[in-house]
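> Read off the chains here:
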Amino acid sequence: MLKKIFSDNAAALILVFVLFMVAIPLVSVGSTQSQPALSGLGGLILIVAAAIPPARRFMVKKEN
Amino acid sequence: MELTLLHWLLAGVPTLALIVLMVVRNWSAQEAGAITIFITAAIAYFAFGTPVDALLVASAKGTWDALPILYVIWPALLLYHVMSKSGGYDALRHGISGMSQNEIFIIVALGWVLPSFLQGIDGFGTPIAVVAPLLVAFGVRPIYAVAIPIIAHIWAKFFGTLGVGWLATLQVVELDAATATSMGVQAGLLMILQALLGGFTIVWMYGRWPAIRASWPLVLIIGLIQGIGQTLMVWVDPILAAFLPATVALIALFPLSRIPRYRLPAQGIEERPAMVDGTNLGVGEGPVPPMGTGMALAPYGLLTVLALGTSLIGPLAQWLDGPKFGLAFPQLGTGMGPGMEATSQYAPLHPFSHPGAVIAVTALVAWIVYAGRGYFDEWSRRTGKVREPIVPAWIRSSAPASVPIIAFLIVASTMKFSGQTQMLALGIAAVASPYVFAFFANGLGIISAFITSSSTSAQVLMSELQLDLAKANGLPPATILGAQAAGGAIGNAIAPANVVMGASTAGASGQEGAILRKTIPWTVAAFVLTGIATVVLALITG
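Just so you know, the protein sequences line up as chains A and B, in that order. Counting with numbering that gives the first Met the number 0, you get residues 0 to 63 for the letters of the first sequence. Counting with numbering that gives the first Met the number 0, you get residues 0 to 541 for the letters of the second sequence.
Be careful, since some hints might not be right.
[Unchecked claim] Estimated spans, in silico, between C-beta atoms of each pair:
{"no.": "1", "chain 1": "A", "residue 1": "6", "chain 2": "B", "residue 2": "227", "range": "54 to 62 angstroms"}
{"no.": "2", "chain 1": "B", "residue 1": "287", "chain 2": "A", "residue 2": "43", "range": "51 to 59 angstroms"}
{"no.": "3", "chain 1": "A", "residue 1": "43", "chain 2": "B", "residue 2": "318", "range": "40 to 48 angstroms"}
Everything labelled a hint here was simulated from the structure, so no lab data went into it. Being a predicted model, the structure only gives us computed values, none of them experimental. Note that beta-carbon positions come from the ideal geometry of N, C-alpha and C, so glycine has one too.
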């Protein structure tokens, strides 16, 4: 499933978009209500979202 | 903030990385933007001492900052799919080519005058998102279809969207009335250069020097109506300074289209690099669209009426502006940066008064009306293509266009809060003598607009610093702030979010680097001319 999403450019970027949208309320609530676990989770999601496009570049290129 | 060479050089790395990856290495905007997030964050953490919690909040704020732009892109792409799948663009092509057979006139009308008019009332990239697919429908190559409206509407950025750049500047710097007016007038004078340079550039893009020879009076008339009109309007009402001359230029097209020189095809233009080979306005080409020109133009008429009504009818504008929402963020230290203040609603989004709402209503109404009249089925039958559902196509084009914009604004937010943006500006000011600084003042505006992809954000980010630097260098503040306003507008020509937005609606996603290669030379020329003009203004008014 994940591999299928990763190999489809539009699907991968839709996933990245959703991850960004999920991350911001987590960081907001976590940082304002002193819940580091929540903002940490938001941060992790942000990192994963930002890592997907460059990772795809190298992985898809390698496969090609 | 202490200025050091190492910090200054490091602060320039994210901008340089974006340019090199996109323009030189041909990375897509998504890839370049995303990797630059990590580069900027690493510099902020290791060199500028920004704590991890502040980096997280800066990234979240950057993502939030992208929403007003995405709120234009998503409805604009819905309108694009509705028009495209109903044969609307082909109907427009047939209709407008009946008004004038002159391709230069069409390029000037659709690529320059129309986006300038839209910029007068709307913003956030609306003119690019709306006009780029129209130009593609007329046979303009997608890369040029994005570059042309981007360059052509720059002159209206600062006073456009009903004076939003002007208002933002007055919010962040304290100026007496005379200095404010002087700043506005000098900004207007500098923007005459943008109007004329923009007009001549798009004509040159279309057909090189023969096209300029054939159309220079047209470019001068439109450019002077826009540029001089805007400067004069600053004295009357800065809020309408871009909108009114843009409207006059639009109206002027009708008498101009009656002149044989602009009604009949231009002669002697053999090289047309902006046009798809063999295209000649598409007259008589392809299947007959299922709707007439009036029906195809109706969404744009509705867009204009809604935009004007929701902006100019005071009580309605006030009522629509009421509902808003934003996220809360805490007070945080940011290392060498300016720090973050606690807020219960960061940069609240006004969902009903934002230009995106007008485009969304327009797209939905067009969708309902066209579906009711059976245009989608009829156009599918006439073209022999299977009718593609709108919603999946819309999502598959909108989400990819959204990702790089989010990435760029995370980079901008991280640079701002970590102090990298301020360090860049301080470094330029430190190495320049007063008049050299006056020359480079618009360059700071360009950099800030490039980083934030917004002329308004560029004003908010840099105006106060420019004012301080002007005073420290003994330069007239009104001139330097005028140059900042001009630069903040020029920078939009290379602002990645604008390029991505246009590319997504013109079917040129992934070709952002190629588009930037078309707009960068114009940006450099505008920077140099504006720099020279700023020095002249500083000598006159100083």
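> Which earlier hints can't be squared with this structure?
none
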